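J.: Below are the chains, spelled out letter by letter.
Protein chains: 2
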Amino acid sequence: MVKKVLVIGAAGMIGRKLTERLVKDGGLDELLLHDVVAPTPPQAPFKIRSIVSDLSTPGEAEKLLVGRPELIFHLAAIVSGEAEADFEKGYRINLDGTRLLFEAIRKANYRPRVVFTSSIAVFGAPFPEAIGDEFLSSPLTSYGTQKAIDELLLADYSRRGFFDGIGIRLPTICVRPGKPNKAASGFFSGIIREPLAGQEAVLPVPKSVRHWFASPRAAIGFLLHAAKLDTAQLGARRSLSMPGVSVTVGEQIEALRRIAGDSVARRIREEPDATIMKIVEGWPRNFDTKRASALGFRADASFDDIIRIHMEDELGQKTPAPQRGRG
Amino acid sequence: MVKKVLVIGAAGMIGRKLTERLVKDGGLDELLLHDVVAPTPPQAPFKIRSIVSDLSTPGEAEKLLVGRPELIFHLAAIVSGEAEADFEKGYRINLDGTRLLFEAIRKANYRPRVVFTSSIAVFGAPFPEAIGDEFLSSPLTSYGTQKAIDELLLADYSRRGFFDGIGIRLPTICVRPGKPNKAASGFFSGIIREPLAGQEAVLPVPKSVRHWFASPRAAIGFLLHAAKLDTAQLGARRSLSMPGVSVTVGEQIEALRRIAGDSVARRIREEPDATIMKIVEGWPRNFDTKRASALGFRADASFDDIIRIHMEDELGQKTPAPQRGRG
Numbered sequence: 001m002v003k004k005v006l007v008i009g010a011a012g013m014i015g016r017k018l019t020e021r022l023v024k025d026g027g028l029d030e031l032l033l034h035d036v037v038a039p040t041p042p043q044a045p046f047k048i049r050s051i052v053s054d055l056s057t058p059g060e061a062e063k064l065l066v067g068r069p070e071l072i073f074h075l076a077a078i079v080s081g082e083a084e085a086d087f088e089k090g091y092r093i094n095l096d097g098t099r100l101l102f103e104a105i106r107k108a109n110y111r112p113r114v115v116f117t118s119s120i121a122v123f124g125a126p127f128p129e130a131i132g133d134e135f136l137s138s139p140l141t142s143y144g145t146q147k148a149i150d151e152l153l154l155a156d157y158s159r160r161g162f163f164d165g166i167g168i169r170l171p172t173i174c175v176r177p178g179k180p181n182k183a184a185s186g187f188f189s190g191i192i193r194e195p196l197a198g199q200e201a202v203l204p205v206p207k208s209v210r211h212w213f214a215s216p217r218a219a220i221g222f223l224l225h226a227a228k229l230d231t232a233q234l235g236a237r238r239s240l241s242m243p244g245v246s247v248t249v250g251e252q253i254e255a256l257r258r259i260a261g262d263s264v265a266r267r268i269r270e271e272p273d274a275t276i277m278k279i280v281e282g283w284p285r286n287f288d289t290k291r292a293s294a295l296g297f298r299a300d301a302s303f304d305d306i307i308r309i310h311m312e313d314e315l316g317q318k319t320p321a322p323q324r325g326r327g
Numbered sequence: 001m002v003k004k005v006l007v008i009g010a011a012g013m014i015g016r017k018l019t020e021r022l023v024k025d026g027g028l029d030e031l032l033l034h035d036v037v038a039p040t041p042p043q044a045p046f047k048i049r050s051i052v053s054d055l056s057t058p059g060e061a062e063k064l065l066v067g068r069p070e071l072i073f074h075l076a077a078i079v080s081g082e083a084e085a086d087f088e089k090g091y092r093i094n095l096d097g098t099r100l101l102f103e104a105i106r107k108a109n110y111r112p113r114v115v116f117t118s119s120i121a122v123f124g125a126p127f128p129e130a131i132g133d134e135f136l137s138s139p140l141t142s143y144g145t146q147k148a149i150d151e152l153l154l155a156d157y158s159r160r161g162f163f164d165g166i167g168i169r170l171p172t173i174c175v176r177p178g179k180p181n182k183a184a185s186g187f188f189s190g191i192i193r194e195p196l197a198g199q200e201a202v203l204p205v206p207k208s209v210r211h212w213f214a215s216p217r218a219a220i221g222f223l224l225h226a227a228k229l230d231t232a233q234l235g236a237r238r239s240l241s242m243p244g245v246s247v248t249v250g251e252q253i254e255a256l257r258r259i260a261g262d263s264v265a266r267r268i269r270e271e272p273d274a275t276i277m278k279i280v281e282g283w284p285r286n287f288d289t290k291r292a293s294a295l296g297f298r299a300d301a302s303f304d305d306i307i308r309i310h311m312e313d314e315l316g317q318k319t320p321a322p323q324r325g326r327g
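Chains A and B, in that order, give the protein sequences. Residue 118 in our numbering is what sits at position 118 of the first sequence, and the numbering runs on without skipping anything. Residue 164 in our numbering is what sits at position 164 of the second sequence, and the numbering runs on without skipping anything.
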């Protein structure tokens, strides 16, 4: 039974939701939250501590391991848009930070479970109709490159027995709550989130663009499933594409119209952006996630469900006839 | 026309052969040779300089770029056996050294061609019957991990326009001349080289083991072809598996018997080594190198030819009815 958990990147959207869920599920002795900005620790019937530091500063990762957490979630990264705009910062945070963490664990000489959030950005066009489990990583962004390198390190450190790692390639998380971040993928959430909040949203790509989605609720499900999975089943291939929902932007908008009505769906304004289109063109559209499905990871049932989950979890709205996810 | 060339890893077997060939082909103004041990510069009708340093020491890579070589061959690495035995050294030389070089080129702010020797060790079992151009890199050694990471960096730095990179995944080079090195693959050459030299050779794996080979002569051909290739043809996927010859150890021995006679072939003694067998089991056996073939890279014609090339190039022997390689 895992008693001490460390969440790195705890102040981010996924980090906060994971923390909430860990507190709700209970059973821990200690939860350590880390980020570059102070994570807000919730009330919990066990000890919660926060550490604020830059993981890419040598010596900082070691401090997180003093209590020897048996389970480490490593969610920290700067997003794709920022890593593309600032080459050095991207490599420093997304590669060096992760490597310093892995090195610190190696030198601490115990063998925790490490759950690492990778990304479908490790793949780059041209693609097959659906990306299978043996398709090469050929990223078209520095962010994707950094995540692909982290996956290779995760596998080698696990093979060597320094820790017990699993990398999960999250689909694009949709609907992201809160304000837009610098990710080039931000509009995929914006076109649902803003109209539901009564605001106009900008769509920078054609409606024919197809992409791969999971709700925040599904993402937390992946993380918790990865934390308790028997990793002997993984063999040497420690990173997995997570199941998701493949829809076009047009289908996203139709789902919004079905659930929230035409007046809401009409709050989306098309305003083509060549830079974003160029980035998005290189992104995956669809996957065949046999391995992850066989290992028990479960996607949302539909994009309609993804919208309903947003309305329930973020807007506190009961939605009509919710079709539950399979997981 | 390329006038200034830098060879990193010039003291190694491939580096020495490449240097010889560059001198023979002529047409350069300057050739700069680098390694951790002093490369022996041959006589040449142009300027040859040697620099001895450790590329993984910060600041050293910059010194190699002072003359702004337009073509850089990066061949330097510690071999698989050593990278597996010494985890820290492997990452320092094979990852940090390469990254420091790439960073130095980025900061030098010009755009040389970089030809990087990668390895089929980026692939790990389980494999399809023949590994195609879209098969994932899932290395089973730290050496393979380091090379796979270098490939990702090479692609990203090229995409960003910092240099014009191409990575070539060499088959196992056979027959390696000279003394055995620490590579776990050493026996593939030893079982040909030692018997031809009148010595006994040890075979640590079963004769059914299949593997993927190229002669040193073919390898030099790959490097020179990569140096002049129109890299626009590569798109974002900057690393390629090179064509080779797929044979079993038993077929290697039969070829030796055909060319040098039974008394030579009988100098191979079977002595199973569980450690080497375990490493070799995870190695590729066969490839489908469509991309490289379409781009004009040419393999040896047969394993018989690979033996004949060794006898001609290393032993100065005319071989009977040499069947020339296609390249």
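Hints were generated in silico from the structure; no laboratory data involved. Check the hints yourself; a few may be wrong.
Which copy is meant is left open, because identical chains are indistinguishable; a pair holds if it fits in one copy or across any two.
As the list claims (entries may be wrong) - Taking lysine-lysine and the DSS-like style, the derived pairs with C-alpha atoms no more than 27 Å apart in a straight line are:
#1 207 with 228
#2 107 with 17
#3 318 with 290
#4 278 with 3
#5 290 with 107
#6 290 with 47
#7 17 with 63
#8 228 with 318
#9 89 with 290
#10 107 with 318
#11 107 with 63
#12 47 with 179
#13 228 with 179
#14 4 with 179
#15 47 with 89
#16 4 with 228
#17 89 with 107
#18 47 with 278
Note that this is a predicted model, so its numbers are computed, not measured.
J.: All hints are to be evaluated individually against the structure, with a verdict given for each.
T.: Now for the hints, and whether the structure bears them out:
1. 207 with 228: neither (39 Å within a copy, 42 Å between copies)
2. 107 with 17: The answer is neither: 30 Å in one copy and 40 Å across copies each exceed 27 Å.
3. 318 with 290: neither (33 Å within a copy, 55 Å between copies)
4. 278 with 3: neither (45 Å within a copy, 36 Å between copies)
5. 290 with 107: neither (35 Å within a copy, 43 Å between copies)
6. 290 with 47: neither (39 Å within a copy, 58 Å between copies)
7. 17 with 63: within (24 Å within a copy, 49 Å between copies)
8. 228 with 318: neither (31 Å within a copy, 64 Å between copies)
9. 89 with 290: neither (35 Å within a copy, 37 Å between copies)
10. 107 with 318: neither (49 Å within a copy, 56 Å between copies)
11. 107 with 63: Close inside one copy (12 Å), not across copies (33 Å); limit 27 Å.
12. 47 with 179: Neither: 30 Å inside a copy, 61 Å across copies.
13. 228 with 179: neither (32 Å within a copy, 49 Å between copies)
14. 4 with 179: neither (32 Å within a copy, 52 Å between copies)
15. 47 with 89: Neither: 33 Å inside a chain and 40 Å across chains, both beyond 27 Å.
16. 4 with 228: within (14 Å within a copy, 56 Å between copies)
17. 89 with 107: both (25 Å within a copy, 15 Å between copies)
18. 47 with 278: neither (46 Å within a copy, 45 Å between copies)
Going down the numbered hints, you'll see the structure goes against 1, 2, 3, 4, 5, 6, 8, 9, 10, 12, 13, 14, 15 and 18, while the others check out.
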